[in-house]
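Asker: Sequence:
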Amino acid sequence: MFKKIILVLLLGTLVSACSTIQTVTPVQRMQDKNICIVQDLAVREGFLNTYRQVLQEKGYAVKLLSKGAALDTCPLVTTYYALWSWDLAIYMSYVQIKVYRKGILAGETLYDSRNNPGFSKFVKGNEKIRELANRLFL
1 MFKKIILVLL
11 LGTLVSACST
21 IQTVTPVQRM
31 QDKNICIVQD
41 LAVREGFLNT
51 YRQVLQEKGY
61 AVKLLSKGAA
71 LDTCPLVTTY
81 YALWSWDLAI
91 YMSYVQIKVY
101 RKGILAGETL
111 YDSRNNPGFS
121 KFVKGNEKIR
131 ELANRLFL
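In terms of this note's numbering, the sequence shown opens at residue 1 and continues consecutively.
For the record, the hints were derived by calculation from the structure and aren't laboratory data. Be careful, since some hints might not be right.
Here are the simulated BS3-like pairs of lysine-lysine, each with C-alpha atoms no more than 30 Å apart in a straight line [claimed, not checked]:
1. 128 to 58
2. 58 to 33
3. 67 to 98
4. 63 to 128
5. 124 to 33
6. 98 to 58
7. 63 to 33
8. 98 to 124
9. 98 to 128
10. 63 to 124
11. 67 to 33
12. 67 to 102
13. 98 to 63
14. 33 to 128
15. 102 to 33
16. 98 to 33
Distance ranges between label pairs, derived from CB positions [unchecked claim]:
17. 61 to 130: 27 to 35 Å
18. 135 to 33: 13 to 21 Å
19. 40 to 72: 14 to 22 Å
This one's a predicted model, so the numbers in the text were calculated from it and none came from an experiment. Glycine included, every Cβ here is placed at the ideal spot set by N, Cα and C.
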């Protein structure tokens, strides 16, 4: 009996270690609809284009800042980082978006499918970016 319990716990741990992580801490609404995006030129350009488009659709006036810009340059500043991986096909495997209000972290989202061995990791990048941004900015 004890061996069965250990086996179930071990399998549960292994399965949970091989899943996709997705968390969102939304940004509270602000009257000011100006936001600055700190560009990360190491990330595919399509990420920035989609992210900026979602923010504009939500009514934000978007200004682009160079990498390394101060996080209190604008009332709201957002940073992003994303990775694409290869496993039979190229797919977006990691996204981190952070939003700062006056230099203080106000919201963030994380998507990480790097440890997912299954096919659910093959998401359409633009759709996932839209989903994360829409959940981040309610």
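Asker: Against each hint, give a clear statement of whether it holds in the structure.
Answerer: Results of checking the hints against the structure:
no. : hint                  : in the structure
1   : 128 to 58             : holds (17 Å)
2   : 58 to 33              : holds (9 Å)
3   : 67 to 98              : holds (14 Å)
4   : 63 to 128             : holds (22 Å)
5   : 124 to 33             : holds (28 Å)
6   : 98 to 58              : holds (17 Å)
7   : 63 to 33              : holds (11 Å)
8   : 98 to 124             : holds (21 Å)
9   : 98 to 128             : holds (16 Å)
10  : 63 to 124             : holds (26 Å)
11  : 67 to 33              : holds (22 Å)
12  : 67 to 102             : holds (17 Å)
13  : 98 to 63              : holds (16 Å)
14  : 33 to 128             : holds (23 Å)
15  : 102 to 33             : holds (14 Å)
16  : 98 to 33              : holds (17 Å)
17  : 61 to 130: 27 to 35 Å : violated (19 Å)
18  : 135 to 33: 13 to 21 Å : holds (18 Å)
19  : 40 to 72: 14 to 22 Å  : holds (18 Å)
Of the numbered hints stated above, the single one contradicted by the structure is hint 17.
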